[in-house]
Amino acid sequence: MKIIYFTHSLASCWNHGNAHFLRGVLSELVARGHDVVAYEPEGAWSLANLLADHGEAGLAAWRERYPELSTTTYDPATPADQLTDGADLVIVHEWNDHGLVAALGD
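Heads up, the sequence shown is in our numbering, so the first residue is 29 and it goes up one at a time.
These are computed hints drawn from the structure, not numbers from a lab. Even glycine gets a Cβ: it sits at the ideal position worked out from N, Cα and C. Don't take each hint at face value.
[Said to hold, decoys possible] Here are the simulated distance ranges between beta carbons: (1) Val129 - Glu84: 28 to 34 angstroms; (2) Ala76 - Asp134: 25 to 31 angstroms; (3) Arg91 - Asp134: 22 to 28 angstroms; (4) Pro95 - Gly133: 22 to 28 angstroms; (5) Gly133 - His62: 21 to 27 angstroms; (6) Asp109 - Ala89: 31 to 37 angstroms; (7) His48 - Asp116: 24 to 30 angstroms; (8) Lys30 - Arg91: 21 to 27 angstroms; (9) Glu92 - Asp134: 16 to 22 angstroms; (10) Ala105 - Ala59: 31 to 37 angstroms; (11) Gly52 - Val118: 28 to 34 angstroms; (12) Thr101 - Val53: 27 to 33 angstroms; (13) Lys30 - Ala85: 29 to 35 angstroms; (14) Phe49 - Leu79: 29 to 35 angstroms.
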């Protein structure tokens, strides 16, 4: 299955403990052969704060532990149908903008 996951941040766990859980779930989906695409909105505060506090080095542990995962930053103005083209399943984390959920429902 092609799975699209909209997250606040997968790369950063700065005051965002959900990232640990999401990494585990998405890693399992990849291990089971699914095509997983994770989208993070531009300007996500968790990632911005992690980078401000620790720079790029703050991302080293996540990159080393989860090499099978990556994220794609998206502009929230991008039409939702472009981001989800070909998806079998779309999941939206609760911290995403409500406009994204509305656009996906159209």
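Against the structure, the hints come out as follows:
{"no.": "1", "hint": "Val129 - Glu84: 28 to 34 angstroms", "result": "holds, 31 angstroms"}
{"no.": "2", "hint": "Ala76 - Asp134: 25 to 31 angstroms", "result": "holds, 29 angstroms"}
{"no.": "3", "hint": "Arg91 - Asp134: 22 to 28 angstroms", "result": "violated, 35 angstroms"}
{"no.": "4", "hint": "Pro95 - Gly133: 22 to 28 angstroms", "result": "violated, 34 angstroms"}
{"no.": "5", "hint": "Gly133 - His62: 21 to 27 angstroms", "result": "holds, 23 angstroms"}
{"no.": "6", "hint": "Asp109 - Ala89: 31 to 37 angstroms", "result": "holds, 35 angstroms"}
{"no.": "7", "hint": "His48 - Asp116: 24 to 30 angstroms", "result": "holds, 25 angstroms"}
{"no.": "8", "hint": "Lys30 - Arg91: 21 to 27 angstroms", "result": "holds, 23 angstroms"}
{"no.": "9", "hint": "Glu92 - Asp134: 16 to 22 angstroms", "result": "violated, 39 angstroms"}
{"no.": "10", "hint": "Ala105 - Ala59: 31 to 37 angstroms", "result": "holds, 34 angstroms"}
{"no.": "11", "hint": "Gly52 - Val118: 28 to 34 angstroms", "result": "violated, 20 angstroms"}
{"no.": "12", "hint": "Thr101 - Val53: 27 to 33 angstroms", "result": "violated, 20 angstroms"}
{"no.": "13", "hint": "Lys30 - Ala85: 29 to 35 angstroms", "result": "holds, 33 angstroms"}
{"no.": "14", "hint": "Phe49 - Leu79: 29 to 35 angstroms", "result": "violated, 22 angstroms"}
Of the numbered hints given earlier, the model fails hints 3, 4, 9, 11, 12 and 14; all others are met.
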